[in-house]
Amino acid sequence: GAGVSQSPSNKVTEKGKDVELRCDPISGHTALYWYRQRLGQGLEFLIYFQGNSAPDKSGLPSDRFSAERTGESVSTLTIQRTQQEDSAVYLCASSLVAGGNTGELFFGEGSRLTVL
Amino acid sequence: KQEVTQIPAALSVPEGENLVLNCSFTDSAIYNLQWFRQDPGKGLTSLLLIQSSQREQTSGRLNASLDKSSGRSTLYIAASQPGDSATYLCAVPTSYGKLTFGQGTILTVHP
Numbered sequence: 001g002a003g004v005s006q007s008p009s010n011k012v013t014e015k016g017k018d019v020e021l022r023c024d025p026i027s028g029h030t031a032l033y034w035y036r037q038r039l040g041q042g043l044e045f046l047i048y049f050q051g052n053s054a055p056d057k058s059g060l061p062s063d064r065f066s067a068e069r070t071g072e073s074v075s076t077l078t079i080q081r082t083q084q085e086d087s088a089v090y091l092c093a094s095s096l097v098a099g100g101n102t103g104e105l106f107f108g109e110g111s112r113l114t115v116l
Numbered sequence: 001k002q003e004v005t006q007i008p009a010a011l012s013v014p015e016g017e018n019l020v021l022n023c024s025f026t027d028s029a030i031y032n033l034q035w036f037r038q039d040p041g042k043g044l045t046s047l048l049l050i051q052s053s054q055r056e057q058t059s060g061r062l063n064a065s066l067d068k069s070s071g072r073s074t075l076y077i078a079a080s081q082p083g084d085s086a087t088y089l090c091a092v093p094t095s096y097g098k099l100t101f102g103q104g105t106i107l108t109v110h111p
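Chains A and B supply the protein sequences, listed in that same order.
Numbering-wise, the first sequence is residues 1 to 116 according to my numbering.
Numbering-wise, the second sequence is residues 1 to 111 according to my numbering.
The following block holds chain A by itself, in its conformation from the complex:
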């Protein structure tokens, strides 16, 4: 597609429920990233995909968080048994190249998650 697409744009859920957030990267982009941004805070790295493998999962905050990617396409971030502290905007980005020199990253509009 023309840009990085994320869905849903907004999600309100009850504590304890599972949620899935989806990211469609720019076509042809090898690398895909998930970040989290809490209200009034900076961006927090979650996970990075190179193709469909995840060399760096160091940012996932707990084992309730998982992510997968199909080929060099769609990625899904799953949060199980959501907690109120999971409330944040989840941002996805993609770039043409992988590795240390990322090239230019392009971000989606984010998925705003509110856990009641």
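In short, the hints are calculated from the structure, not lab data.
Any given hint could turn out to be false.
[As the list claims (entries may be wrong)] Simulated restraints, written as ranges between beta carbons of each label pair:
#1 B:76 <-> A:80: 24 to 34 Å
#2 B:79 <-> A:28: 28 to 38 Å
#3 A:58 <-> B:54: 41 to 51 Å
#4 B:59 <-> A:39: 24 to 34 Å
#5 B:108 <-> A:17: 31 to 41 Å
#6 A:116 <-> B:42: 21 to 31 Å
#7 A:39 <-> B:7: 21 to 31 Å
#8 B:42 <-> A:58: 35 to 45 Å
#9 A:104 <-> B:8: 24 to 34 Å
#10 A:42 <-> B:56: 40 to 50 Å
#11 B:28 <-> A:59: 15 to 25 Å
[Unchecked claim] Facing chain A, according to a computed beta carbon distance under 8 Å, are these residues of chain B, among others:
#12 31
#13 32
#14 42
#15 43
#16 44
#17 46
#18 47
#19 50
#20 53
#21 93
#22 98
#23 101
#24 103
#25 104
Note that the Cβ used here is the ideal one computed from N, Cα and C, for glycine as well.
Go by the hints and put chain B onto chain A.
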């Protein structure tokens, strides 16, 4: 560990002024540096990417410079407009695409 700092944290200027936003990083062994803007409630929009071998990049009224040896980058905005109001973020890749972001500069351009 790479640390990125942006100064000032907030800036308010009248329309038409030229302004400079500053970004500093502690580890000069970077591949590139990227400047973004973020509007309230929105994602990040890429403004400029400077490769480590470059000294500056220009896009319209924006000019970004990079001095790797001193660990600094500046974003120059010429003839500022109210539509430039946003949070401006700089970021450098650390390992395998993980970007380290500064905390951002909140810019307000008032008519």
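We went through each hint and held it up to the structure:
{"no.": "1", "hint": "B:76 <-> A:80: 24 to 34 Å", "result": "46 Å, violated"}
{"no.": "2", "hint": "B:79 <-> A:28: 28 to 38 Å", "result": "36 Å, holds"}
{"no.": "3", "hint": "A:58 <-> B:54: 41 to 51 Å", "result": "29 Å, violated"}
{"no.": "4", "hint": "B:59 <-> A:39: 24 to 34 Å", "result": "30 Å, holds"}
{"no.": "5", "hint": "B:108 <-> A:17: 31 to 41 Å", "result": "38 Å, holds"}
{"no.": "6", "hint": "A:116 <-> B:42: 21 to 31 Å", "result": "24 Å, holds"}
{"no.": "7", "hint": "A:39 <-> B:7: 21 to 31 Å", "result": "23 Å, holds"}
{"no.": "8", "hint": "B:42 <-> A:58: 35 to 45 Å", "result": "27 Å, violated"}
{"no.": "9", "hint": "A:104 <-> B:8: 24 to 34 Å", "result": "26 Å, holds"}
{"no.": "10", "hint": "A:42 <-> B:56: 40 to 50 Å", "result": "26 Å, violated"}
{"no.": "11", "hint": "B:28 <-> A:59: 15 to 25 Å", "result": "24 Å, holds"}
{"no.": "12", "hint": "31", "result": "4 Å, holds"}
{"no.": "13", "hint": "32", "result": "6 Å, holds"}
{"no.": "14", "hint": "42", "result": "6 Å, holds"}
{"no.": "15", "hint": "43", "result": "4 Å, holds"}
{"no.": "16", "hint": "44", "result": "4 Å, holds"}
{"no.": "17", "hint": "46", "result": "6 Å, holds"}
{"no.": "18", "hint": "47", "result": "10 Å, violated"}
{"no.": "19", "hint": "50", "result": "10 Å, violated"}
{"no.": "20", "hint": "53", "result": "11 Å, violated"}
{"no.": "21", "hint": "93", "result": "5 Å, holds"}
{"no.": "22", "hint": "98", "result": "5 Å, holds"}
{"no.": "23", "hint": "101", "result": "5 Å, holds"}
{"no.": "24", "hint": "103", "result": "5 Å, holds"}
{"no.": "25", "hint": "104", "result": "7 Å, holds"}
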